[in-house]
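Each chain is listed here by its residues.
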Amino acid sequence: MTTSQIFLVTSTFLACAVEMVEALTIVLATGITRGWRSALIGTLAALATLAVIVAILGPAIALVPIHAMQLVVGTLMLIFGLQWLRKAILRASGRKAMHDEDAIFAAEQAEARKHGRDERAGLDWYSFTICFKGVFLEGLEVAFITITFGAAQQNVGLAAWGATAALIIVLLAGVLLHRPLSRVPENTLKYVVGLLLTSFGTFWAAEGVGVEWPGTDLALLGLLGFYAIVAFVLVRQLRAPQAVRVA
Amino acid sequence: MKYIIAFGAFWIDFIVGDDWRIAVAVVVGLAVTAVLVWTGIPAWWVLPVGIAGYLAVSMTRK
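Here the protein sequences line up with chains A and B, keeping their order. Position one of the first sequence corresponds to residue 1 (this note's numbering), numbered consecutively onward. Position one of the second sequence corresponds to residue 1 (this note's numbering), numbered consecutively onward.
Derived by calculation from the structure, the hints in this document are not laboratory data. As the structure is a computational prediction, the values presented were derived from the model and not from experiment. Hints may contain errors.
Computed far set for chain B versus chain A, every beta-carbon distance over 10 Å [to be verified]:
hint	residue
1	M1
2	K2
3	Y3
4	I4
5	I5
6	A6
7	F7
8	G8
9	A9
Chain A regions said to be covered by chain B (calculated; three or more residues, Cβ under 8 Å) [stated by the list, open to error]:
hint	segment
10	156-168
11	221-230
Label-pair distances were calculated between CB atoms; the ranges are [claimed, not checked]:
hint	chain 1	residue 1	chain 2	residue 2	range
12	B	V32	A	L218	49 to 59 Å
13	A	A97	B	I41	35 to 45 Å
14	B	V16	A	L47	18 to 28 Å
15	B	T60	A	E119	24 to 34 Å
16	A	A228	B	V57	13 to 23 Å
17	A	L63	B	V24	28 to 38 Å
18	B	V27	A	R239	25 to 35 Å
19	A	A121	B	W38	51 to 61 Å
20	A	P59	B	D13	21 to 31 Å
21	A	R120	B	V49	52 to 62 Å
22	A	R117	B	V32	54 to 64 Å
23	B	F14	A	P65	19 to 29 Å
24	A	A68	B	D13	18 to 28 Å
Beta carbons: idealized from backbone N, C-alpha and C, even for Gly.
Kindly produce the complete structure, drawing on both the sequences and the hints.
Structure follows, in structure tokens:
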């Protein structure tokens, strides 16, 4: 496996796992509170819709020229990555509240209890729509990450393996534990995924506008190291008392 | 028309997220890189340095 292939599988796996944990929390909170039937039908309907989108989008993406693909995918990845990384730095430095899957689960359950039962097409409509929306939106990010990561390296199959591994592990954990995956170090994962997306995004977007990286694929490792150092320094600076006074 | 606007708004929200400045910073960084590449100046360092600078400056906001 080359450096960029290892990066591809790792970042697809981690990014997809984070999104799937969030979707799982919504489905578990709704299913446990209001019953499983409508929650699971909503989940399956969202997965079926996603499958149609992927079936249309996947082959269409393969037709785009590689440089244009790298530019578009790299730019989007860089935007996503920076959003994740910025929040992760703020969380790690104590400037922003940590993402708490237990708290989100409790809030989802409280919200689910508030709503009365509205039956449509034999379904508890609240459960159906909440699970559909949650799984569809998080799943869209998973599909987007998998297709674009894979397409930019002309290896969607490898990216799909990373996503599938994440799906199996998160689903198994959800079925076995039957509670939110609060032990998953989600904030740390987001920090790592933010670094990976930012590194990948920089590499591809710059290649897309014609940059030739010194060391070709090895430049990815250089970028990852560079951004890791920048993030580490920023966390340290933000934790320092004088930084608090400035803010 | 309402649905087209909603569809467009969904994708903008999905891609740009909750901080539009990040998207602007990335586009500006890429534009500068493209101009330098076009003039023949080695430009591989521009985007990483620009991104690092943007991250540092953006930390003043929550």
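Note to self: I'd like to know which numbered hints this structure contradicts. Please list them from smallest to largest.
What the structure shows: Structure breaks hints 10, 12 and 15.
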